[in-house]
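*Asks:* Protein sequence lines, in the order shown, are assigned to chains Y and W.
Quick note: the first sequence uses our numbering, first residue 1, plus one each step.
Quick note: the second sequence uses our numbering, first residue 1001, plus one each step.
What the hints contain is simulated information worked out from the structure, not anything from laboratory work.
Where hints are given, some of them may not hold.
Said to hold, decoys possible - Derived lysine-lysine pairs resembling DSSO-like cross-links, with alpha carbons at most 30 Å apart:
(1) W:K1215 / Y:K48
(2) Y:K48 / W:K1200
(3) Y:K17 / W:K1254
(4) Y:K225 / Y:K258
Keep in mind that this is a model prediction, so the values were computed, not measured.
One letter stands for each residue in the lines below.
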Amino acid sequence: MTLQKINPLRKYIRNGKLPHFFCPGCGCGQVLNYFLKAVDDLRLDFKKIITIGGVGCTARIPVYLNTDSLHGVHGRTLAWATGVKTYRPDLKVVIFAGDGDLVSIGGNHFLHAARRNLDVAVILVNNFNFAMTGGQVAPTTLLDSITMTTPFGSQEKPFDISKLAICSGATYVARWNTAKPTQTIKSIKKALQHEGFSLVEILSQCPTNFGRYALRTGDPQKVLKWIEEKSITRTKAEKLSEDELKDKFVLGEFIDKKQPVFRGTSLFREGDH
Amino acid sequence: MDKNLKHKSNRVNTGIHFMLGNYAVVEGALAAGCDYFAGYPITPANEISELMSKRLPEVGGVFIQGEDELFSIYSVISASLAGAKAMTATASAGFIYMQEGIGYASAVEAPCVIVDVQRCRGENFATQADVMQMRWGASGDYESIVLAPSTAQELFDFTILAFNLSEEFRNPVIVMSETTIALMRERLEIPEKERIINYKRHYTSLPPEMYLPFKAKANCPPDFAPMGKGYHTLYTLNYHNEDGTIDWDDQGYKKLYQRITDKISENRDKICKTESYFLEDADSVIIAYGSEVRPALDAVEMARNDGKKTGLLKLITVWPVHENLIKDIAKNVGRIFVVEMNIGKYVKEIERLCLPFCPVTSITKNMGIIHTKEEIYTTIKRTY
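If we strip away everything but chain W, and leave its shape as in the complex, we get (with noise of 0.2 Å):
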């Protein structure tokens, strides 16, 4: 092989372009610093796969298309153990399978991004059915970081950002992306190379005979060592000492699943990201994630123009909630919507949140296409 190849192209694809979401989940995972990516075809993420395929050996990275989506997830989880920033992608079917590791990469706290372009079952048409699965799937406790983008542009940025919780958690995080972004192609910016955050791994600074690999202080993940030098880490999936050794005791089972589980839910504000439009004099509010923003959006306007004080709340990260936020709006609207492209499932959440305060309005399209902004508010109006 040439050596000159190994960084024949850019990390980095500064520039304006007009791109395919899928592309521009690589584009945004090559942007953070990914060096190993493992997938299995399935549509319709395979775009995913087929370019990183080309532009991750390019930048001295390694690709691997495995036998099926348990290789993929295991093979991320060791080589992010071994130092890599490592990805996969998938779509519903495939994601399934991959629960059983994400399991594992939580009880290790393993590092890795996972991207679910969700489909229908067996089909590929638009939904957003798999977004209990995203917190829930796999066995065992653990709390989920999900991303739910809603445009190319957010497929790019938040692939970044998922890298960077990842690592700074030391816990999985999954790009929630759907049929209707993942295959439409759209205005993407990517900006200069200096202003993309690409968070750097925590190495401990201890040398081998002082370290606890799961040693850390509550609410924080441990802090990393290096694999090959001495520092003989167990990874184990069954409940380990500070000392990562396999030993059961039920006190230490307690502390350390709770801090498995604090870590992130106890950093909820930090984590949680939302964008707000008109809720400064909103007397209902429409909740939305992911693609189903883009008609939500519309709807909200149609409101307006009907002199109604529609906003929207649109939810970058689905997981952990928002519980605070979310509370501090229902005590303030007489009504909350929540739209989804599911049989209406999310809104389970919303109710938990904000059923003591305001009435809660399910409005779902569960037939493999998103929303019109004209079926969403009718039943605005109907209920307004």
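With the rest of the complex left out, here is chain Y (with noise of 0.2 Å):
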């Protein structure tokens, strides 16, 4: 009889539920990944976890977690997070959402969300396109790409969703790609640590739609490939000029800081419940 090693994640996986949906080469599974390394690292209590996602591809990871989850409904995420988080203060919420379910139809509730500094954290997987319903132009799409609802390329100039973030009130927010694992698990945990509003934005390679649509090719490396290469990190940046910075991806840690959480109108303490 051969002893079956079982990867020591397993454990937070729902029973039953893989494998999972997601295409192969999506940078959806590693985010998955990604974040359980974080919470396993930080031994965090995984029954105070709830975990939301709206509609789409990033949307589907909570499902997959052995967590307390609410799923299914597009764009309603930060409405949801926020009626757990100040009715339960003691629970830690985290958002999966991609970059339409976030910012295009839930961009209001992402305004106000992280203008509120609610104690949520937002875990954003931009693969800049409507992945699911098969790769649409999204609010993050770059300017001319090919989707298949701009045949003669985007005319729409896209989202910084982190300076958005930023601009909005977000306490901490930090931008990686799925190239930069230890990074991404890094800034995961600060999320979770963090008290506040705080957004992770993983830039990641859909290689079924937004590959074969506006890069023209499916293979999911030379995706990462063109991430990568338009990656660049926040310090060597700072030393270019805007025009050189044009189409490329600024990574790093961009704020930390600790404001007053939003707690609603609400004359509860802590460990009231």
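Reconstruct the complex from the two isolated chains, following the hints.
*Replies:* Structural data, given as structure tokens:
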């Protein structure tokens, strides 16, 4: 009899839910791994973590996690998070969202939750398109990119979601890509321990849709290479002009500050529940 | 913050008051145990949020004014899943946005109370035009429980009833208010705390490894598990198995939505409440709901004074429809009148039930103002 080795992170996965439904080469599986590594390293009480996903590929991550989870409505993750966190401040709320879920349909909630400094960790997987629906243009799609709804190239300037979060009042913001596991895990750990609105934006490869339409390749490696070649660290970026930074993804930790968190209008105190 | 503030005021303001309808809703909610409220400004529902923002924190709850109605409904649902007795209030134009959340709440069987103070499109005049939106507004299969108060007292009483029904059946419950009663001051008697029913949520007694979050008997809601205690419940809009996980199964889908709708429709006789006036010897009956009950009852009095045997059936529960009772009445009378403040909507439902047995006459007024008793009686006299 051979002894089968079990991944130590397997205990965090919902019973019988693997294999997951992500396409081969998708970054969502990596992000799921990074999150579990961060939780495991920090030895967080998994029972006290509530994971939330809206609609989209990334939003499916909570479906595989062995936590209390909310899932299945597009763009309302931060409204859900506010209800849980203000009523039960003892719980840790983590959101997994794609770019479309978070800043297209959920854009208004995003601005206001960041403004209020709601105590929530948002893990954003930015793959530059609406992937689950088949590769349509998103608010993050780069100018001139071909997608299923921009056959002549996108004519809209994309959002820089990390900047948007900072301007709105988020108190921890970092951006990495899926090729940087060490830095990403470190930032997820910081986000999980941060009291206030934290955003970890992870630029991720979508070979099936963004890759095939915008980059003319379905090869995950090539899509990730494209992201990596456009990526530049914050320290290096500071020495470059605005023109040189055009079309570059600036990676790094942008803000980490302590500010009072949102509790709604309540006279609750810690430990009331 | 001063810790002594926490229980500075009472949940139940026992006594006799002269109170605004919207305030009566707040007092009812607090008496029923409401401890989470989210709302977005909209006339004529604002007084509910305003009083809540003061009263709720004082009794230990959480109040939030959100960025829109979508925030309100979704934060109310998630707070409810986290253990709160949660409520939101809005008016017609805001209620539309909440339909999305009502669909989700129905699918994951989250109790919550929604107050819709109906108003005319873009204006704050009186109407009952949302009566069908109350029932059919959300996507997917579901059943609504909708209560229609007609006085400040009923705004208080039915808000409590709404909380209790929503907990008992794990379903959203809508209080169908109207400009007419929401912005009117009236006598309100708040009973002793001990006399108010406060339905306690049913939590599972099973350990996490044996618990299935959506396993329930036919026609019943499942038991809740507390959040953050290792029960790892997935509350998803998608089709879910009894263990809560997503996994398409055509037979399972059919069974799930059969149970979610049956738990309301098969318990119709238990849920539905009505009040009858002069029905014993009636040969014609007015059916009315909400504030229209008031002139309708006066019209019955006019008819009786003229020697006409007219009665009134007041619907407390507008949805689900009290089908058996309405059919029984139709079998024994010569005509049914349906009084409504819209283009004539609920009358279709009454026609569906009554037309084999007796004619149905629609008495509508869609001018942003309630019927007078004379207007109702004129039609009765003409067709009697």
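*Asks:* Confirm or reject each hint.
*Replies:* The hints, checked one at a time:
{"no.": "1", "hint": "W:K1215 / Y:K48", "verdict": "holds (24 Å)"}
{"no.": "2", "hint": "Y:K48 / W:K1200", "verdict": "holds (24 Å)"}
{"no.": "3", "hint": "Y:K17 / W:K1254", "verdict": "holds (22 Å)"}
{"no.": "4", "hint": "Y:K225 / Y:K258", "verdict": "violated (35 Å)"}
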